[in-house]
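Peer 1: Okay, here's what each chain looks like letter by letter:
Protein chains: 2
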Amino acid sequence: MIRKIVLIGAGNVATHLGQALSGNGREIIQVYSRSAESAASLAQILNCPRTTSLADIRADADLYLFAVNDDALAEVLRQFPHKQALVAHTSGSIPMEVFEAGFQNFAVFYPLQTFSKQSKPDYANIPLCLEANTPANYTLIEKLAQRVSNRVVSANSQQRRQLHLAAVFACNFTNHLYTIAADILEQHQLPFDILRPLISETAAKVQNNLPARVQTGPALRNNQQIIKAHLKALEALPDYQKIYTFITQSIIHSSK
Amino acid sequence: MIRKIVLIGAGNVATHLGQALSGNGREIIQVYSRSAESAASLAQILNCPRTTSLADIRADADLYLFAVNDDALAEVLRQFPHKQALVAHTSGSIPMEVFEAGFQNFAVFYPLQTFSKQSKPDYANIPLCLEANTPANYTLIEKLAQRVSNRVVSANSQQRRQLHLAAVFACNFTNHLYTIAADILEQHQLPFDILRPLISETAAKVQNNLPARVQTGPALRNNQQIIKAHLKALEALPDYQKIYTFITQSIIHSSK
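One line per chain: the protein sequences are A and B, in this order.
Start counting the first sequence at 285; every next residue gets the next number (my numbering).
Start counting the second sequence at 285; every next residue gets the next number (my numbering).
No lab work stands behind these hints, which were simulated from the structure alone.
Nothing here was measured: the structure is a model prediction, and the numbers come from that model.
Treat the hints loosely; a few may be bogus.
[Said to hold, decoys possible] Here are a few chain B residues that face chain A, going by a calculated C-beta distance under 10 Å:
(1) G307
(2) E311
(3) Q388
(4) P405
(5) H448
(6) L449
[Unchecked claim] Subject to a maximum C-alpha distance of 27 Å in a straight line, what follows is the list of computed DSSO-like cross-link-like pairs (lysine-lysine):
(7) K367(B) <-> K427(B)
(8) K288(B) <-> K512(A)
(9) K540(A) <-> K401(B)
[Unchecked claim] Far from chain B, by Cβ distances over 10 Å, these chain A residues were calculated:
(10) G307
(11) S322
(12) T336
(13) N459
(14) R505
A virtual CB, placed ideally from N, CA and C, is assigned to each residue, including glycine.
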């Protein structure tokens, strides 16, 4: 049973995960960040000790959970002192084999959600995508995951990579389309607030339907008159014009 | 005061608008559609007479509301018999001047929302964007709009065109990104359901924040390693690869 957890990292993922995992007999016993400020801030939220030195990480945790930047992970793992312990990373895009050089007990604990300082999502509803190097290690992290989420999913590294790619479209890219819409409105003295109900409804519609079934708009109808007028309106915004062109093409191809 | 309304059109917009506008002393007194089936279906929902002949449209309505396809509007207007009456269209992309050939009292009544048979949005929360050819006509449709929505907005034809363009990004294009995500998951035997909480949260985050403030993901961090791996994973899907490329570029440019 996993009771004592050390969090390696103090960014958005570490913060939300740390809050979700602590309590009910489980404890974050230490937080590590190379930034003293981040370490102190998260340690205060979780009411636990912190360190900025990998060498000072406690040896008695049941799980070391790595929520650091993808770019930093390999180097942090290299310097991490407790090679026999159970370790897990939280990244969508890094294969589990990153642990193979040096570790015996390892897993992946990937929350499929977007975390930011501004909002606190409901963890019970967040899919946790798990993978482990042995059935015993899988059971350990599965039990931990089931304590915080109702949507625990097994996904191997290849599936997780695809999940992450799909999430980039459905979340990161979608948010950028919101930004483009906000930018167009701002340039014409219209408030972003006017679009918020539409954004909510667009996301709500696919909660009970597949998105291809509820597609609407000029591209779906292949209404070239509107499409041409929109492309003309975007003439001074070449990045947006390219995005308009290729999403429109893709909608037209998909609907055939 | 507008009490009696004839609906010209029987698609999704006409259906939702008809339901929202009838009741509390206001009545849909007739529905027109060139399709007998659509006319009958909506007339049944609204419990009112219907016709498939423009010549048979009643003369005694206070408002004739046109919710037909953009492509069909000009021809329907040409054949419409009651040129003195107050008429309004519901299109985001057609300028009000479409009425100038032949009509004296005209307006635009544009609901900024996505309508489909599968879902019933809450009308009170839907922005209604209004424009009229005289202050008196504006007041008439404004009073009608305020009976159904708490978000009544004045927008001239130029602003409405920009609103519609912004809505294409925030709704139609966003839904296509969901479709791409669903397609990627399906190709790897993963259910779309796993993405639904992420989609909800992505839309929820911008209800209280501007989207540029809550952008996340590999493009924002300009993580070329992940971006290259994603582009490689999309090699067999050129439409998706182009969309990935140009949204990523735009995010990188925006964050500079």
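Peer 1: Does the structure break any of the earlier hints, and which numbers would those be?
Peer 2: Of the numbered hints, 1, 2, 3, 8, 13 and 14 do not hold.
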